[in-house]
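Number of protein chains: 2
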Amino acid sequence: MPAGRRKGNSDTRQEVLDAARDCFAASGYDGATIRAVAAKAGVDPALVHHFFGSKADLFAAAMELPVNPSELIPSIVSGDVDELGQRIVRAFLSLWEEPKTRRRMLAVLKSAVRHEAAATMLRMFLTRELFGAVAKTLDAPDAGLRANLVGSQLVGLAMARYVIKVQPLAGASPEALVAAYAPAVQRYLTGKIA
Amino acid sequence: MPAGRRKGNSDTRQEVLDAARDCFAASGYDGATIRAVAAKAGVDPALVHHFFGSKADLFAAAMELPVNPSELIPSIVSGDVDELGQRIVRAFLSLWEEPKTRRRMLAVLKSAVRHEAAATMLRMFLTRELFGAVAKTLDAPDAGLRANLVGSQLVGLAMARYVIKVQPLAGASPEALVAAYAPAVQRYLTGKIA
Chain F
1 MPAGRRKGNS DTRQEVLDAA RDCFAASGYD GATIRAVAAK AGVDPALVHH FFGSKADLFA
61 AAMELPVNPS ELIPSIVSGD VDELGQRIVR AFLSLWEEPK TRRRMLAVLK SAVRHEAAAT
121 MLRMFLTREL FGAVAKTLDA PDAGLRANLV GSQLVGLAMA RYVIKVQPLA GASPEALVAA
181 YAPAVQRYLT GKIA
Chain L
1 MPAGRRKGNS DTRQEVLDAA RDCFAASGYD GATIRAVAAK AGVDPALVHH FFGSKADLFA
61 AAMELPVNPS ELIPSIVSGD VDELGQRIVR AFLSLWEEPK TRRRMLAVLK SAVRHEAAAT
121 MLRMFLTREL FGAVAKTLDA PDAGLRANLV GSQLVGLAMA RYVIKVQPLA GASPEALVAA
181 YAPAVQRYLT GKIA
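As they're listed, the protein sequences go chains F and L. Position 177, counted from 1, in the first sequence is what the working numbering calls 177; the numbers after and before it change by one each time, with no gaps. Position 191, counted from 1, in the second sequence is what the working numbering calls 191; the numbers after and before it change by one each time, with no gaps.
No lab work stands behind these hints: they were computed from the structure. It cannot be assumed that every hint is accurate.
[To be verified] Chain L stretches covered by chain F per the calculated footprint, using a threshold of three residues with CB under 8 Å from any CB of chain F:
no.	stretch
1	125-133
2	143-149
3	176-188
Just so you know, even glycine gets a beta-carbon here, dropped at the ideal spot from N, CA and C.
Pulled out of the complex, with its shape left as it was, chain F reads as follows (with noise of 0.2 Å):
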């Protein structure tokens, strides 16, 4: 099924993506699956994989993230693991850096914060996919925590740089930033946390 120019693809694809929005809310990330989000769009499944990828990358275009998880987590988590919060650093402050993916990363901070709901279907999001992969990257026991400590800094990093704008830290270069926070990410992935 190639993705042509005909007339009526680009129709299909937002309603598929009103349909996952749909599902994401009633049966949150981890109860939402790819064969409902299609059925409720009246289109085959294969068709939602073809537009849209994993259910991840679905969830990230329904939730207009300016991110495609599938090419994002692999380029973070594959290479030397003692480097690991260094990329995660950069990978992170170069989503915010850039006004329009600041933007779309700011609004689902916000929505978070303002609505459960949000907030329930990120922290699906942001367990099973991100978390999910650093944990498995390190094999650890306590991976998980290691992934949430990572993430605590992450977005208060984001609060205080871009939504709070406190000085000196709002106006210091990113690379400043990622010689302050990546060793500190580094410690939680594999340094003594306990």
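Use these hints to put chain L onto chain F, whose structure you have.
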């Protein structure tokens, strides 16, 4: 001027708080003065001092922050600087672990995310009072950035544990969190960050 029980004291107190909220909203934390608040409430500045203490304390009362900065901050910054990280994490967690104070902290955090003006006021207050006190204790040229780094980890901890409620972080014991976070906070305060 003793804090008597006579009729009218609580009305006056409320009028001062209302005037303070107006002044902080209009002039920001730095621009607002005890004198201006007193003039707006139609009372003597000495009465404002008498009821609320310092400008920081008046701000905390007006924002319904569940802390008294004049008491809390000295208790954190005094003592061995090598254990400052641990004292900060413990004090922050104790504010959030108590259901009543947690509700107020959550309200302040949500307000800062929703309203630019609230974020600005909170930023000025934190910069002037809390980060300022920590920076003074550190007495280092990059103390401002160090205090910001600490703040970013604390707000991220609050977001992850109490707003997004990601597991296992949300269910971890306060002591486990002190063990996990205090060394990171201590490094931000006194370690190599550049």
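Hints the structure fails to honour: none
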